[in-house]
Amino acid sequence: MKKVQLNKKTTKMILIVVVIVAVLGIGVFLLTKNLPKGAGNALPETNASQIAVKDPQLNAILESSDSSEPIDAATTIDTNVVDSTGLS
Amino acid sequence: MFLGIFLIVVLTVPVFSESVISDGATGSSITSNSVELGSGTSTTISTELQRFYNIAKAEVDFYSAVVNSMTSMVPSDTLTADITKLQSDLVQIQAYASSGDRNSTKQFVQTTFETDRNTMKQDILAWRRTNYKSLTLEQKQALKASFEQSRSDFESSRLAAYKNFAYGRLYYFDNALVIYQNRISVLKANGLDVSSLNQLLADAKTTIVDPLQAAINSATNASSLNQAIKQYALFDGSQAGINFHLAAKFNIALLQIALDKLTATSGILQASITQLQNDINTANSVLSSVGTKQYTANQKTQIWNAIKDGFNTIRSSSPQVNSAAQP
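Those protein sequences? They're chains A and B, same order as listed. Numbering-wise (the numbering used here), the first sequence opens with residue 158 and increments by one. Numbering-wise (the numbering used here), the second sequence opens with residue 67 and increments by one.
Isolated chain A, as found in the complex (with noise of 0.2 Å):
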């Protein structure tokens, strides 16, 4: 049987995937494990949102504002109507 033999430049190599691969694979699980059950590919809320908004006025303040310029009713369809005259 032939053994196969690796100079150390290959084995280094070898080496340096594994880690970054090892690296990698911790860190996804670091960021995924505290994904509540359920929560599906859910993407945790911002800290902003999470933060309870007890008074009442700025709750209200709040829950009247928007996210953007709502789009006008449209008028974006144009119809031209040109006369192209036939005969005078």
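Hints are computed from structural coordinates only; laboratory data are not their basis. Just so we're clear, the structure is a prediction, and the values are computed from it rather than from any experiment.
Below, simulated DMTMM-like cross-link-like pairs (lysine to aspartate or glutamate); rule was C-alpha separation at most 20 Å, straight line:
1. Lys254/B to Asp223/A
2. Lys315/B to Asp259/B
3. Lys254/B to Glu220/A
4. Lys327/B to Asp375/B
5. Lys211/A to Asp326/B
6. Lys327/B to Glu220/A
7. Lys172/B to Asp155/B
8. Lys187/B to Asp143/B
9. Lys187/B to Asp127/B
10. Lys315/B to Glu220/A
11. Lys374/B to Asp326/B
12. Lys359/B to Asp269/B
13. Lys315/B to Asp375/B
14. Lys296/B to Asp276/B
15. Lys315/B to Asp223/A
16. Lys374/B to Asp223/A
17. Lys123/B to Glu214/B
18. Lys210/B to Asp189/B
19. Lys366/B to Asp223/A
20. Lys374/B to Glu220/A
Starting from the known structure of chain A, arrange chain B on it as the hints suggest.
Chain B only, in chain A's frame:
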């Protein structure tokens, strides 16, 4: 010589943009709705797709009347077939418009309807070249009278279509103002000073709603009314007219009300107050540079990021408010 009887009205390819009907004010039914506007008068309103169909119908009706007059004097199977095809196209446009399918409407009009209309126009001209000289004087006079009546009917239908759509816009604006007024009522019920918000709605009515109402009332032709409709946007929907940016102004005013409250509350971190003030200043500054024009993409991002950041600052200040409220 008589005026021409073959005046050809060309409905140009509609220009659709990404801005879509989202008001929910009139639904998607092709049948226009009758509603009570702020004035207390009942009127008919329509969405843009309904208006589009109404104008296409007015045009097909016009062509049909003209062709009927022509073929009653010199029959033409070609023209009869052309009109039948256009009327069939109209049914399809109605179906797309009723379902609120803008893309299919656009596609169908730009291809099938345009092609069929051009074919008919060519056939009308061909009929004229072949037959007009052989008509009697009485026939030519009758044809002219018929054309003028059809033309008048067409203009009336077109103006009505634009008026119904303009009333749809007013209805949408009125609904939007009611929504914001309801929010103000809740804020007032919570003991907040809402005078700045009330003033904002009053300005919106004066700047946008009232002028549009006046334009509708005084409109005598469809083209001028169409221009007037495009002129006024409560939010950011007018390319060349006045955009009020009601939502941005309302939300900045909300931030200011919150800032006033936080400033008057002991125990609030100065950093939070400074941050909120900076957000308000940023949003106000960019909005001021926008003026009554439409946002650029960058301006929109800057304004709304500042507004969102302001509300996040309010959320993060909440525990401090709660602490300050503790005995």
